[in-house]
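*Asks:* Chain by chain, the residues:
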Amino acid sequence: MRAAIATSLPESQIAPAAGGVQARGIEKRLGNVEVLRGVTLDVAAGEIVAILGSSGSGKSTFLRCVNLLTLPDRGDIWVHGEHLRLRPISERDSEPRILDHDQVRRVRASIGMVFQNFNLWPHMTVLENVSAGPVLVNRLTRKAATELGRGYLAKVGLSDKAGSYPRHLSGGQQQRVAIARALAMEPKLLLFDEPTSALDPELVGEVLRVMTALAGEGRTMMIVTHEVAFAREVSSRAAFMHQGRIEEEGSSPAFFLNPTSASLRRFLTAHDERHS
Amino acid sequence: MDAELLLTSMMTLASGIPLTLILTLASLVIGLVLSVPLAFLRTSGNKYFSLPVLAYTYVFRGTPLLVQLFIIYYGLGQIEFIRSSGLWYVLRDPFWCSLLAFSLNSAAYTTEVFRGGILAVPSGMIDAAQAIGMTPLQQKRKIILPIAFRGVLPSYVNEVIALLKASSLASTVTLLEITGLSRKLVSETFAPYEIFIAAGILYLGLTSIFTSGFRVLETRWLNAPPKQAAPDGIIAKQVVHGS
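Taken in sequence, the protein lines are chains P and B. Using our numbering, read the first sequence as starting at 1 and increasing by one per residue. Using our numbering, read the second sequence as starting at 1 and increasing by one per residue.
A hint or two may mislead.
Stated by the list, open to error - Some, not all, of what chain P presents toward chain B, calculated at C-beta under 8 Å:
(1) F115
(2) N119
(3) R265
As the list claims (entries may be wrong) - Derived pair list, reagent style BS3-like, types lysine-lysine, alpha-carbon separation capped at 27 Å:
(4) B/K165 to P/K161
(5) B/K140 to P/K143
(6) B/K165 to B/K140
(7) P/K155 to B/K140
(8) B/K184 to P/K188
(9) P/K161 to P/K143
(10) P/K155 to P/K143
(11) B/K142 to P/K143
(12) P/K155 to P/K188
(13) P/K143 to P/K188
(14) B/K142 to B/K47
(15) B/K47 to B/K140
By construction, these hints were calculated from the structure, which means they are not laboratory data. Ideal placement from N, C-alpha and C gives every residue a C-beta, glycine not left out.
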């Protein structure tokens with residue numbers, strides 16, 4: 001039904017909301033595993049949504065579907081009210097396809113993403129990493145992009161590392177550079193894919209502090225994380241994924257204090273035990 | 001061994017260095033220019049792009065360079081179509097035939113070297129480039145190629161050295177580069193021992209210059225802030241010798 005509407009009406013008429021992200025019935029199979037089995041989630045503009053779940057629950061795959069680093073097999077996604085034009089899989093096409101590459105690049109440029117493994121470009125200095133996107137994609141002059149880059153490096157507290165190469169930085173510093181790189185695109189939405197999972201425990205705090213500061217600026221954020229305490233602190237809403245579905249979602253304090261589903265209760269209890 | 005003869009023949013053979021260098025450097029540049037797009041075609045998921053490139057590298061890496069040179073120099077002239085075309089002005093000249101053979105051969109090897117480098121670029125680097133909204137061409141030029149080239153630099157240096165030495169094959173089609181001059185000198189003096197040792201020393205000198213030039217590049221690319229320059233330099237050296 002939804003798919004039929006999506007293909008027969010002009011996209012602007014059926015956008016469920018003007019801003020944020022709406023995902024409807026996202027399905028994804030990787031090999032023989034059904035990673036996503038119909039995920040529906042709305043993120044309003046200005047909202048901070050934490051996505052929790054154990055490993056393999058599909059939460060990272062779902063996040064990658066939002067900026068189409070992973071193409072959903074089926075389902076619809078709106079970003080900032082714009083429907084992403086994809087061709088779902090069918091009997092004829094075994095792979096989903098991007099129908100409008102210009103649209104996808106434009107939408108991606110408006111979404112900042114921070115990865116678990118930082119993914120800084122090793123052949124560029126810290127400042128070059130941060131200013132590359134503004135120059136290449138947003139067509140700023142080199143001078144303007146450098147200035148912008150320095151500003152965001154200052155924001156994450158790494159002004160003194162502008163000329164360093166990523167491999168001379170600690171994991172926490174690299175991740176803060178990655179956050180600055182995402183911010184330098186001046187995105188309307190930030191995606192965080194387990195941003196602290198690859199960090200040594202003593203480096204987690206510096207990254208979470210930067211993210212908490214961002215959360216206070218009214219930005220729209222989707223955060224996939226294992227840090228339950230952090231999620232409870234910064235998120236306005238949270239969703240719990242289990243076996244490729246959203247098992248439970250709710251506003252932040254209640255979600256954590258009174259979980260209704262058994263699997264979320266188990267997940268939160270296991271987490272409490274680990275951290276007590 | 002006659003040390004004086006060795007020295008005088010080195011002086012004579014030195015006049016072959018320019019031709020050796022021109023053949024090597026020109027084939028390297030042509031090979032490099034050809035191999036970058038070929039390597040991307042070779043790694044393409046589309047088999048209509050990758051298979052023709054695979055066939056090309058398979059043939060040129062699977063047959064001796066000397067045979068390729070003879071086919072181009074002696075063989076192509078047998079074909080009436082080529083003899084009567086404008087191509088003949090190029091193909092009857094041993095210099096252009098050698099350059100063509102060396103370039104095609106070098107491009108084939110370099111394509112496979114770059115293919116390995118491109119495949120070794122961590123997918124996360126490309127994720128980050130895509131996520132920021134780069135076009136496929138920007139991803140290749142700004143992210144994939146620079147990372148791949150740095151990764152395969154030691155293997156590429158091997159290819160450069162191999163090509164420098166392989167340029168001696170040009171002597172078989174009458175070119176008077178270092179080896180060609182040596183053979184001429186030997187036939188005049190009947191002193192193969194000293195003369196070929198002199199030639200060997202010249203080649204050794206050239207390869208040393210090439211290797212140290214690339215080592216400078218490598219150290220700069222594995223760039224370290226000044227205070228850490230020393231340990232990085234050592235790592236770079238080990239990579240070069242170990243490859």
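*Asks:* Could you work out which of the previously given hints the structure breaks and list their numbers from low to high?
*Replies:* The structure breaks hints 3, 4, 6, 7 and 8; every other hint is satisfied.
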